[in-house]
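S.K.: These protein sequences, in sequence, are chains A and B.
The first sequence begins at 226 in the working numbering and counts up one residue at a time.
The second sequence begins at 6 in the working numbering and counts up one residue at a time.
Just so you know, not all the hints are guaranteed correct.
[To be verified] Below, a list of computed lysine-lysine pairs in the DSBU-like style, where the Cα atoms sit at most 30 Å apart:
hint	chain 1	residue 1	chain 2	residue 2
1	B	Lys109	A	Lys291
2	A	Lys353	B	Lys258
3	B	Lys256	A	Lys242
4	B	Lys209	A	Lys316
5	B	Lys258	A	Lys376
6	B	Lys208	A	Lys352
7	B	Lys209	A	Lys331
8	A	Lys376	B	Lys109
9	A	Lys495	A	Lys475
10	A	Lys282	B	Lys258
Everything labelled a hint here was simulated from the structure, so no lab data went into it.
Predicted model only: the values in this text are computed from it and were never measured.
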Amino acid sequence: MKESITTKNLSYKIGFKTILNDINLNVPTGSIYGYLGRNGAGKSTTIKLLLGLLEDKNDNIFIHDKSLKQNITEIHSITGNLIESPCYYNKLTVFENLQYLNIIHKMGLRRIEEVLELVDLHREKRKKASTLSMGMKQRLGIAMAIFHDPKLLVLDEPLNGLDPQGIFEMRKLFQNLNEQGKTIFLSSHILSELEKVATHIGIIEEGNMIFQGTKNELLGRVERCVSIKVNDADSAIFVLTTLGFSIQNKETKKILVNINDDQQFNLLLKSLVQNGIEIYEIESHSANLEQIFINLISQAND
Amino acid sequence: MTNTFYRAFSSEQYKLSKNKEIFGVLLLPVLLIFLIDGYIIYEISKSDVVNSIPNPWKVLLGRYVFQFFYLLYPVLVAIFVYACCEVEYKNNNYKILFTIPISKSEIFFSKVLFIVLIVLFSIILSYSAFLLNGYFLSLIYPEIGFQNYDYREVIFYTFFKLFVTLSAISMIQLSISLAFKSSIYPIGFSMFMLVFSVIVAQKKFSDFIPYTGSYNALTNIMSENTSFARLDYNNIVMLILFLLISYYLFKRKRAI
């Protein structure tokens, strides 16, 4: 699979402080890459470096196999971005903000209408950008990012300020853009949303990459566990530990057991029934992105 | 002019022309000339007899207009130049500017070209309004004697030297506006330099202060001076010097 973004041992220092340490990003073309990290982990610095807003002195960033440092203007023509808060010209209307970009990118007036429809801002196109609500400003920022139909979108917290309906619409928009073949590099604190759209995940902690891979790889790293309500918890624990199961937690009549796969789950049920233990309730717990993220961060800090 | 420079200039022109400050620098001087004209008509209409004035272009119109101009123009230019930089400070719009597929150099020079062109248009408008008002007064009050003096050469050179002065001032203001985000520094500096240049206008070293040029415009029109002096050459040097300083400041700007 070709890569849209590749970094080779990307490091960045401010004075003596290391902000990024040997980051090797591999963002496959056509993926939605969720970039996660705590505040101050180095996410925004990475994004600013990827867009050439901060200088990578060692020429370690490659966008579509081209050196960012040597082809910055060409790369800017195929990259759209939204970094932290949206950027727009206050004194210009919504339409004029896009017309400003149209003069640069020569996409035509139809494209302005098309993008306004996509982000649902067509009714506000005559309004001054400064008078828009926070969510609408965010939509304008996204409209400006996608205006020139870029191959690669780099979005830092694009869901900030959007209401649930807006978040849903943006998720659909990102998925549509992705289906059109665009690569989306996305950083967001709303992990549940990221889990829904991302195909690949990268996790950064204190400037170090602690995970990179597909979302399924990440979710597969964590053992499933089942919570079982039985008539005799002590007997159930005895049976299961004899068979090598690991018990995570025990309440009066409830036990939490780690399992690796479906065969183990089947064995667990069979052995409990064969030993005369009555089962009242079974609940499967699969770890979500938020739990995995927190676990990985705490492991990295141990 | 390359295609990308044309796009850069068109986009800058589109964006910056939405600033209200642009109308200030273009129209306020013209409005001022018309107001002075109105004042002259009002004064004449009050008196019973209209007397002939020796060279009314300088004694009547020139004196009033340039007394206001030397105080007004540098401040208008400072406000306008700051407004051209302020659009990028708001919402940290340098993030837009530095991620469009146009080089920083082309963006910078298109901004400079736009600023200098607006100053030029402003001077042309003021020059035209000045001549128009003189001819208008010569028509309604031929007794004053505007038609008896061909003062066009002096007026042209006075306005031309004022343009050179304002171009140099605009580059100094651009450097300060790029160096400081707050409007206090560029506007405050222009006000201070205006007062300072009036105080030191008679000193020899004042030739090295471009802000003295606007005060000297009044002296030029009163003394019928058409020659280029040390101050004017110095203003050209200052224009180039501060253009380079501004370029350096713009190139090292980061959208963070």
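S.K.: Compare the structure with each hint and give your call.
M.R.: Do the hints match the structure? See the list:
{"no.": "1", "hint": "B:Lys109 with A:Lys291", "result": "20 Å, holds"}
{"no.": "2", "hint": "A:Lys353 with B:Lys258", "result": "27 Å, holds"}
{"no.": "3", "hint": "B:Lys256 with A:Lys242", "result": "25 Å, holds"}
{"no.": "4", "hint": "B:Lys209 with A:Lys316", "result": "44 Å, violated"}
{"no.": "5", "hint": "B:Lys258 with A:Lys376", "result": "27 Å, holds"}
{"no.": "6", "hint": "B:Lys208 with A:Lys352", "result": "53 Å, violated"}
{"no.": "7", "hint": "B:Lys209 with A:Lys331", "result": "53 Å, violated"}
{"no.": "8", "hint": "A:Lys376 with B:Lys109", "result": "23 Å, holds"}
{"no.": "9", "hint": "A:Lys495 with A:Lys475", "result": "20 Å, holds"}
{"no.": "10", "hint": "A:Lys282 with B:Lys258", "result": "16 Å, holds"}
Hint check: violations occur at hints 4, 6 and 7; the rest are consistent with the structure.
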